[in-house]
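Heads up: the protein sequence lines correspond to chains A and B, in order.
Anchor point for the first sequence: position 232 equals 232 in my numbering, and the numbering is continuous, going up by one each time.
Anchor point for the second sequence: position 151 equals 151 in my numbering, and the numbering is continuous, going up by one each time.
In short, the hints are calculated from the structure, not lab data.
Relax, there's no trap hidden among the hints.
Covered by chain A, according to a simulated footprint, are these stretches of chain B (three or more residues, beta-carbon under 8 Å): (1) 112 to 120; (2) 138 to 148.
With the Cβ distance kept under 7 Å, some of the chain B side facing chain A (calculated, not the full set): (3) Ser125; (4) Leu126; (5) Gly127; (6) Met128; (7) Ser129.
For every residue, glycine included, the Cβ atom is placed at its ideal position computed from N, Cα and C.
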Amino acid sequence: MVEKAEMIRVEKLNKSFGDLHVLKDIDLEVNESDVVVLIGASGSGKSTLLRCMNFLEIKNSGNVIIEGETIDPQKNDLNKVRQRVGMVFQHFNLFPHKSVLENVIEAPLMVKKLKRAEAEKEGKELLAKVGLGDKANVYPNKLSGGQKQRVAIARALAMKPDIMLFDEPTSALDPELVGEVLSTMKELAKEGMTMVVVTHEMGFAREVGDWVVYMHDGKIVEKGHPSELFSEPKEQRTQDFLSSIL
Amino acid sequence: MPTFAHFFETLLESYPVFFEGLWLTIRVTFVSVLIAVFIGLFFALFKISQSKILNWIANVYIAVIRGTPLIVQIFIFYFGLTEFNIPKFWAASIGLALHNGAYIAEIFRGSIQSIDKGQMEAGRSLGMSHTLAMRRIILPQAFRRALPPLGNQFIIGLKDSSLAAFIALPELFSVATTQGARTFDEMTYLLIVAVYYLVLVLIFTLLVNLLEKRLSASD
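Just chain B, with the same shape it has in the complex (with noise of 0.2 Å):
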């Protein structure tokens, strides 16, 4: 084990070498959970419904998805795929949102089905249709009651986003292994990248939970 010493002056020194790669991090981060959203809601949408070919093809891709690991998906994704070239930054980021977005899906229509009933009748006895109500009535509410399992689900895109070392992209995990062989000194550059990864889970939590605070102020 490295001493204290050695480690702290390590963590001050290499942040140079660490920026690009944590700069990449949040970025496959925000990507890859962003289209997971949009992936999550068409997928949540087809779960609830009326038409049983809709409700299948929902259910087969949460089954894969949830049912395969997220590393033997990226690999078939980067290297099934190399023939379109596909960069690394759109394979990692894909690879996630597909990924994540099984999980997204479940996470909304648990949050839409949660909503009283009685929303939806109100919206259809004004007149409106089905997908009206949905829009303006149901959805706005169901996001709201998705926030806290969402920001969990970043959470853990985040950290995922780690295994996008495995097909060479240089973010965050990539750069403390790179530097940990140059330098024969591995532990101390795990412990750095450890701590990286936890004040970024740490800062985004404390966003997370003032957009909660702000929102649940009208309920």
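Next comes chain A alone, as it looks inside the complex (with noise of 0.2 Å):
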């Protein structure tokens, strides 16, 4: 079997936010093609961990290495290391101000310096990709939220990361809107995307995911491949939580 290179390697992380200690000695590894979904309670920490990730949120202590670099915050070039590193957010954020196809093409016109018609090519090409080629020149406030958050994801592709992270991507949606961005997820993953997507729709984890790492309390309590971990879960914290789910 071929190792698959590892892509990110979380070493004993700990972050607090003043008093509240969010995450305890947190250790992950993700490696090429994967698809790990992070699961469990609201202030378990999930949507910390990965915002540390791309260090929207910087550690306290221990190591976020990203494709074998170890990243230090105060030495590194954060806005290069975040290239590498994409992000869906649950609340989508996209440019209020800009069409759709201006918010795809921004970082790549503005960071990569990409010349404007290279850029649009690109765009649209993405924005067909994700089935949204006749929203170009549209607005966000007249795409439903499932649309805004396809646009979202073409808009972190745009800068052809190595890594996409997905921060509770359905979460805001209507329950009739989850499915498209789902899907759009699940080609991504076919295509060989790495990814780490922390979410409450366990039928994508257990569908898409290659890992699902259950956490409680600011610890990782169990990792697994989605079927043992939701069929037989080894901790006792895991099926209370899986019970009070499905």
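Taking the hints as your guide, dock the two standalone chains into a single complex.
Encoded structure:
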């Protein structure tokens, strides 16, 4: 078997907000093309862990290693690191003053200094890929939640990241719009994108996840393949959590 | 009190004397508010900056300007700097700009801080620097949100420009007092100048409303 490259490794990660100890000695690795799904109750630290992976939150201690490089937020240029690690947010965070296409090409133009024609060509391809080829010139306020989130995915992909982080991408959506976003993410997984996904969608975790990580109270309780973790969880707390939501 | 007929007649007849003053008032207002917008933007950024020194500079500036009367500021600026021989137009414009700048700084600070934190995070997550995200993502949205209070500040600036009469700048109000003293018909000229200001403010309010409507089309 070919050893997959390591994309993210988190070692002994600790993070506190004031007196609140949110992440406690977290160890986790994500290999190339893996889809790692983080599950757990609200406040268990899953979003914070995700945000530590692209340095929107800065750890208190421990290491975050991206593609073999230990990132020191003081020394490394985080802007460069973040270009390799795309992020999709719960509330989309589209730029309301820019059209859909402008949202997608903003960073390629301003950060990567791509030529406009090239950026627009790539941007339109990405929009077609997420099924929104006809919405290029529309403003975000004219889109449904599901469409907004697919634009946000296209916008993150426009920087050609090696890793994609999803922070509860369907939690703010009406139930009937969840499917379209999940199927876009499924496509992405099929193409071999390395993904870390915080979600409450257990169906997605089971179907698309290579690994499921259950977090509780700032710690990783259990990590396993979805077939194992969902059908025969080893830990009592995992069992309790799964029986409370399934 | 003058009769209405007399007031109306003088209003119609006196416009050539007022014309220069009107034009000067408009120029002083636009120049001073334009400079004030730049001053305001800088001090707003100072105020929200991580640097304690920049915070302090902005706080002192805003406290001093807001804590002293505009007329005192204009006089200090004009008489205090006579040795530099600053033309009256620029003494008044810069004085008004420094004054309005402090208020506009607070307007911008408020509108920048009202933009959802997720906007900056989205920009940063795409690899933008803080400065780039501020320039491309936050400020364009903040400007739009600042437009109604900026329009209000412009109107205040327009009316405050009448204080430049006290350093003998021949703007609208100054024309009115001069004409009043010359003809011993003060009240008529004061009422006329009030009409001029009122009409200017109403026209400008209309323009701001139109601009707001156009910009809100994409919201």
